[in-house]
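Q: These are the residues of each chain, in order.
Number of protein chains: 2
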Amino acid sequence: MQDITIQRIKGLDVRFPTSRTMDGSDAVNRNPDHSLAYAVIGTTVSNLTGYGITFTIGRGNDLVVDAIREYGRLLVGRRVSEIIENMGEVWHELVNYSPLRWLGPEKGVTHLAAAAVFNALWDMYGKLEHKPVWKVIADMPPRDLLNVIDFHYIEDVLSRDQAYELLARVEGGKRDREEWIKAHGYPSYTTSAGWLGFSDDKLRQLLREKMALGWQSFKIKVGASASDDIRRLEIIREEVGPDRNLMLDANQAWDVPTAIEFMRQANRFSPVWIEEPTSPDDILGHAKIAQAIAPVGVATGEHCHNRVMFKQFFEQGAMQYCQLDACRLGGINESLAVLLMAAKYQVPVCPHAGALGLREVQQHVSIADYIAVSASLEDRMLEYADGFQEAFVSPAVAVNGAYQVPSVHGLGVELTDVGLQAYSYPEGSEWTSGNS
Amino acid sequence: MQDITIQRIKGLDVRFPTSRTMDGSDAVNRNPDHSLAYAVIGTTVSNLTGYGITFTIGRGNDLVVDAIREYGRLLVGRRVSEIIENMGEVWHELVNYSPLRWLGPEKGVTHLAAAAVFNALWDMYGKLEHKPVWKVIADMPPRDLLNVIDFHYIEDVLSRDQAYELLARVEGGKRDREEWIKAHGYPSYTTSAGWLGFSDDKLRQLLREKMALGWQSFKIKVGASASDDIRRLEIIREEVGPDRNLMLDANQAWDVPTAIEFMRQANRFSPVWIEEPTSPDDILGHAKIAQAIAPVGVATGEHCHNRVMFKQFFEQGAMQYCQLDACRLGGINESLAVLLMAAKYQVPVCPHAGALGLREVQQHVSIADYIAVSASLEDRMLEYADGFQEAFVSPAVAVNGAYQVPSVHGLGVELTDVGLQAYSYPEGSEWTSGNS
Chain R
0 MQDITIQRIK GLDVRFPTSR TMDGSDAVNR NPDHSLAYAV IGTTVSNLTG YGITFTIGRG
60 NDLVVDAIRE YGRLLVGRRV SEIIENMGEV WHELVNYSPL RWLGPEKGVT HLAAAAVFNA
120 LWDMYGKLEH KPVWKVIADM PPRDLLNVID FHYIEDVLSR DQAYELLARV EGGKRDREEW
180 IKAHGYPSYT TSAGWLGFSD DKLRQLLREK MALGWQSFKI KVGASASDDI RRLEIIREEV
240 GPDRNLMLDA NQAWDVPTAI EFMRQANRFS PVWIEEPTSP DDILGHAKIA QAIAPVGVAT
300 GEHCHNRVMF KQFFEQGAMQ YCQLDACRLG GINESLAVLL MAAKYQVPVC PHAGALGLRE
360 VQQHVSIADY IAVSASLEDR MLEYADGFQE AFVSPAVAVN GAYQVPSVHG LGVELTDVGL
420 QAYSYPEGSE WTSGNS
Chain B
0 MQDITIQRIK GLDVRFPTSR TMDGSDAVNR NPDHSLAYAV IGTTVSNLTG YGITFTIGRG
60 NDLVVDAIRE YGRLLVGRRV SEIIENMGEV WHELVNYSPL RWLGPEKGVT HLAAAAVFNA
120 LWDMYGKLEH KPVWKVIADM PPRDLLNVID FHYIEDVLSR DQAYELLARV EGGKRDREEW
180 IKAHGYPSYT TSAGWLGFSD DKLRQLLREK MALGWQSFKI KVGASASDDI RRLEIIREEV
240 GPDRNLMLDA NQAWDVPTAI EFMRQANRFS PVWIEEPTSP DDILGHAKIA QAIAPVGVAT
300 GEHCHNRVMF KQFFEQGAMQ YCQLDACRLG GINESLAVLL MAAKYQVPVC PHAGALGLRE
360 VQQHVSIADY IAVSASLEDR MLEYADGFQE AFVSPAVAVN GAYQVPSVHG LGVELTDVGL
420 QAYSYPEGSE WTSGNS
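Protein chains in written order, with numbering that gives the first Met the number 0: chain R, 0 to 435; chain B, 0 to 435.
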């Protein structure tokens, strides 16, 4: 490993035609094509390549791909060992590379690209250690784990010493939790039945299929029309019964007063949470909603762009369920910072994973959280959504409503050659065959 | 005007080699090349072209240019009159175009691009009305002004009715204030002397030059080294004396505790404000700093990415000086929303204008604020920085420490042919002549 250096970083534009079936449709995103900005890190060793992703919904994915190449320039020629041994510092350096920082900082297109690049570095890290990424994290002594994190801007609520204590106090039970989660899988909920563009009949049929497959928890999209939403909620409760978990997701459609008003009507369906009721930037607005609708919780995080925002959501009690996304945050590194703050504030982490690629990445975050950070499964569920598993070499697998713990080394987001040939944009066969 | 339609929107990459002289250097941005992502809207009428900009500091400017083209696609073929008559709705539509929204929302590369596009539409608007943009705004009846604003996500603190009242109560004095500001200019401060990369001798020399030109207010960059900062502050107070205004700008270099600690040391230099003490996303952190260092104020806003963030800064008392930037926000439209909230919370607006292009745009915001929104100059100063005036057809002009009210129709950010030939990137003569 000493002499391996990074030779090139490619950014590839890969898009899946989900808009043809309305998979993925919600109140704000009516016809998305789920897409990946795919980072491929080549080294001087032919059998060591890092694959990382971030997720978008179609147009503009090329902007993220171009930004991946910008960050890539900063890593080419460096030793892999030095990067991995100083990952927190390298993260800080890249995220603070000033001209790209100006375009954020730590948000938007550039931060999405940073996520893809750092996720690819974690993939490489796992391969070098011959472990899946969750296991790399789970096996790190607390001091090593702190070294992959940039504490800049969060030390006023979480010092390194506090973070160390959080990790040290759960160090003892790691082996037992690893065994348990391997045997039982990580609890999950499905979003596959509840996309907004589905007809009522398709909704009923999908709910029945998902229940038959063992799912106990379901998320449905709301926010386009209150009367349609209430009708759909009636159908859903009818189908799933009173005891299964039901979560609502408005995808930022509402103002604060509208959110509170809708939840007064929806309260009788006993939802676990309302997700993204308003602007993802509105910390104080989420706090107002949370106060008004308790004991129903507010869930948000998939568009929460960095640890500074999460810090404030936690400080304000504005988020009862933390839906961080390691592809929106600056990769696994910044996700670990958020896991630690969530542990301090005792907020359960239920990552955003309702699409291809995301499910593959976030399973590592949730499993590592259980083994090494929060040490708890209480109120925790990892989102799952079907689609395009065959495009991945090692897709995430859910059985009986639970993610199976992945064993492939690295992050497991490598695409198959067939998948790349089909979905590369705009030259892939799916995009040139006249379907689009 | 009825039949004029938009034919094409070009995005151009224009970069100025400011890093060669260390103009623009600060604690976070050590060697920026001040750059413009330049939007040019062509219509079916040969003498009507809209020019808009946003500002970056070099690498990655091309990402914003590409995003301008993405938004441009959504406007081509539309009637100019329909866009201008429904500008608030068109703004909402473009900013919420879902695949690009996913890359923000309303932040980062895509929102910078939206700013350039809407600023170009305002340029066109002014040209059609034969007025500079500040005058277009100043002459709007309150109801018309509200129609260019998207109130989504801010109505919990500012309803349309409240906004109407704010505008209506100052309607009477508009003509007098217009006459006054034309006669006296808009008060300004200069950042040109205080860049971090300058030597002590250059700092002294520039301060003397600026005082000789009539400047009464000076901003200096801090944040790289506390001991250097204190030494420079001693020099500055020695040069400018006890009565002239001195502002400090840390460009986000610090954590919250570091900011408070530094300001304890800097207090004896009686600064008006500390600008960007920490992460621009840290509303609660800024509030903590503001509480600790009062009566010195906290100034921030140049990286505050949308009206939802400003809303919370105002709610928390976290910002005593509002430094909005109409090129970071989604153009003039969103800036007007922020001006109204600032008026409600009685926070003075001192826009971010310390660079080429920015000074040309923000003068319209400040002058319109004085005439039609806040109706006050108290604690208000508009930033000014020299550089590359000759590249603009109608550069902003400061005389005796005050911006002269511009009279050219539109926004006044059109570049000269010579300027474009020199600074277009990478093909301009300044970039191909071996200087770079």
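Honestly, the hints are just simulated from the structure, not real lab data. Take the hints with a grain of salt, since some may be wrong.
[As the list claims (entries may be wrong)] Calculated lysine-lysine pairs in the PhoX-like style (CA-CA distance at most 25 angstroms, straight line):
#	chain 1	residue 1	chain 2	residue 2
1	B	173	R	287
2	R	343	B	287
3	B	173	B	343
4	R	287	B	287
5	R	181	R	130
[Said to hold, decoys possible] Stretches of chain B that chain R covers, calculated by requiring three or more beta carbons in the stretch to come under 8 angstroms of a beta carbon on chain R:
#	stretch
6	152-158
7	244-258
8	309-323
Beta carbons are placed, not taken as given, at the ideal position from N, Cα and C, and that holds for glycine.
Q: Which of the listed hints are not met by the structure?
A: The structure conflicts with hint 1 only, although it agrees with all the remaining ones.
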